[in-house]
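Chains W and Y, in that order, give the protein sequences.
For the first sequence, counting from 1, position 49 maps to 49 in the working numbering; every step adds exactly one.
Add 70 to the 1-based position in the second sequence for the working numbering, that's all there is to it.
By construction, these hints were calculated from the structure, which means they are not laboratory data.
There is no bait here: all hints are sound.
Listed next, the stretches of chain W that the computed footprint assigns to chain Y, with coverage defined by at least 3 CB atoms under 8 Å from CB atoms of chain Y:
id: 1; stretch: 5-14
id: 2; stretch: 25-33
id: 3; stretch: 38-44
id: 4; stretch: 49-55
id: 5; stretch: 58-67
Note that this is a predicted model, so its numbers are computed, not measured.
Cβ coordinates follow ideal geometry from the N, Cα and C atoms, glycine included.
The primary structure of each chain is shown beneath.
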Amino acid sequence: MSTVGDWNDAAKELDAIVASFDEGEVSVDELFVKLERATAIIEALETRLDATKARVDELAPRLSKVLESE
Amino acid sequence: MDDEVIEPDEVLEVGAFYQLLTAQLESAFGRRHAHWVRGEIAKVYEKGHVYVDLVDAGSASSDAKRPVLNAHCWATQWAPLKKKLAADGVTLSPGLIVNFYGYVDVYAPQGKIGFTITQIDVQGLLGDVARRRAELVARLTAEGLLEANKQIAVPAVPLRVGLVASPGTEGYNDFTGQLLHSGYGFQIILVKSAVQGDAAPAQILAALETLDQHGVDIICVVRGGGSKGDLACFDDERVARAIAASSTPVFTGIGHTGDESIADLVAHTRAITPTKLGEEIAAIVESWHARHVRLPAQRLLDATAEVLDEATVYAAERRRTMIFAVRDRLRAEQRHLASTRSGLLVHSRHLLTSSAQMLASHRALLSAYDPKRRLAQGWSVVTNRKGEVVKSIDDVAAGDAVSVLVSDGSFESTVNAKTGVAP
Numbered sequence: 001m002s003t004v005g006d007w008n009d010a011a012k013e014l015d016a017i018v019a020s021f022d023e024g025e026v027s028v029d030e031l032f033v034k035l036e037r038a039t040a041i042i043e044a045l046e047t048r049l050d051a052t053k054a055r056v057d058e059l060a061p062r063l064s065k066v067l068e069s070e
Numbered sequence: 071m072d073d074e075v076i077e078p079d080e081v082l083e084v085g086a087f088y089q090l091l092t093a094q095l096e097s098a099f100g101r102r103h104a105h106w107v108r109g110e111i112a113k114v115y116e117k118g119h120v121y122v123d124l125v126d127a128g129s130a131s132s133d134a135k136r137p138v139l140n141a142h143c144w145a146t147q148w149a150p151l152k153k154k155l156a157a158d159g160v161t162l163s164p165g166l167i168v169n170f171y172g173y174v175d176v177y178a179p180q181g182k183i184g185f186t187i188t189q190i191d192v193q194g195l196l197g198d199v200a201r202r203r204a205e206l207v208a209r210l211t212a213e214g215l216l217e218a219n220k221q222i223a224v225p226a227v228p229l230r231v232g233l234v235a236s237p238g239t240e241g242y243n244d245f246t247g248q249l250l251h252s253g254y255g256f257q258i259i260l261v262k263s264a265v266q267g268d269a270a271p272a273q274i275l276a277a278l279e280t281l282d283q284h285g286v287d288i289i290c291v292v293r294g295g296g297s298k299g300d301l302a303c304f305d306d307e308r309v310a311r312a313i314a315a316s317s318t319p320v321f322t323g324i325g326h327t328g329d330e331s332i333a334d335l336v337a338h339t340r341a342i343t344p345t346k347l348g349e350e351i352a353a354i355v356e357s358w359h360a361r362h363v364r365l366p367a368q369r370l371l372d373a374t375a376e377v378l379d380e381a382t383v384y385a386a387e388r389r390r391t392m393i394f395a396v397r398d399r400l401r402a403e404q405r406h407l408a409s410t411r412s413g414l415l416v417h418s419r420h421l422l423t424s425s426a427q428m429l430a431s432h433r434a435l436l437s438a439y440d441p442k443r444r445l446a447q448g449w450s451v452v453t454n455r456k457g458e459v460v461k462s463i464d465d466v467a468a469g470d471a472v473s474v475l476v477s478d479g480s481f482e483s484t485v486n487a488k489t490g491v492a493p
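Please work from the sequences and hints to get the whole structure.
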């Protein structure tokens with residue numbers, strides 16, 4: 001399984017997988033492979049998202065302090 | 071030449087002479103015959119009492135023969151008069167045209183004839199003050215000095231504040247309190263100055279020049295409320311010109327609401343009180359802070375939250391989509407297989423049925439050809455010794471032994487003769 005690219009590349013790949021399902025292009029033989037790849041991408045994106053949120057949560061109070069200063 | 075000797079009728083001693091003189095003067099100019107006298111103040115000196123040299127208005131000081139009236143106002147009378155003058159913003163000073171009401175007195179020890187002031191025409195003085203103020207404003211306007219300081223750009227964040235004030239005064243405390251409690255890092259560079267009295271204009275002028283060279287962002291001149299006399303220094307021409315000449319924006323916060331000094335007119339920005347001036351300067355910084363710090367910070371927070379929300383929704387939506395897509399795909403395949411399976415069963419059953427029918431048909435057909443049926447009907451099967459079925463008369467010869475099969479058995483026979491059948 002290849003690595004997941006940056007957010008935009010990963011999202012494009014994921015969208016393409018979903019589109020192939022929507023269009024009924026996925027055979028049963030391919031189904032598991034595509035599902036596994038889509039799951040890996042989603043988990044990678046969510047992991048990045050959680051990490052980003054955590055870092056934002058650290059920074060947000062510092063920005064909020066700027067807003068509160070009168 | 072002989073001098074003419076005049077015999078005096080009556081010779082007076084000096085003291086007696088002054089008594090006579092005083093009596094004569096008092097009879098015409100004394101306390102009961104007081105007069106109004108108008109003149110220009112040439113000199114003024116105050117030490118409890120106030121002493122004024124009054125001359126004709128416009129007379130040259132170089133004129134040694136110009137008449138001078140040595141007027142004075144005793145302390146008991148001067149104190150309330152001074153208070154009244156101060157309240158109206160009037161200070162007795164050289165050059166001022168005044169109307170004094172009083173009477174002549176004689177001070178024999180110094181041989182002086184003086185004038186005791188009992189009243190001062192304040193209304194007249196006020197008119198003169200107003201006239202002089204209007205003339206000053208007109209001069210400053212004509213020279214473009216009212217607008218000069220207003221042309222100087224105020225720094226976006228004026229945190230280095232030059233201050234001309236008297237520390238500890240109400241105005242000073244009000245102004246600095248606003249800056250210190252604003253939460254911003256104002257740096258106040260104070261140059262002390264008197265803000266009332268005769269010495270104030272020169273000190274204010276010097277303070278303005280000092281701060282202008284110091285490199286502050288703005289210069290603030292503040293003074294709390296007071297009488298017009300207290301605030302008179304801010305109508306001083308030297309102060310006005312110093313403000314106009316300053317290369318630093320000068321802000322004023324002088325007096326109460328309603329007071330408007332010439333310094334206010336010349337200044338870059340004028341606030342109605344020291345407190346208000348502090349508020350306005352803090353507001354400038356606050357405005358910059360809001361525009362360049364808080365607003366971007368808020369936008370950053372909003373944009374960050376928006377991106378994260380979108381990403382969260384996207385990931386969740388894709389997760390759901392994949393689950394449903396796979397489930398749908400599997401169900402479709404299951405349906406297809408089930409359908410195929412069902413079709414195969416039907417087809418198989420049909421095939422079996424038709425095969426059975428075909429077999430039955432064949433069986434029926436075959437049964438029609440069953441030799442037993444024919445044997446039962448009376449047909450028989452003849453075979454030779456080799457067991458071969460005799461199908462033609464040519465297959466046997468007379469005398470051959472043959473075996474004849476009938477429906478219930480067989481028997482042996484011999485060919486006696488052969489007879490052909492006509493075609």
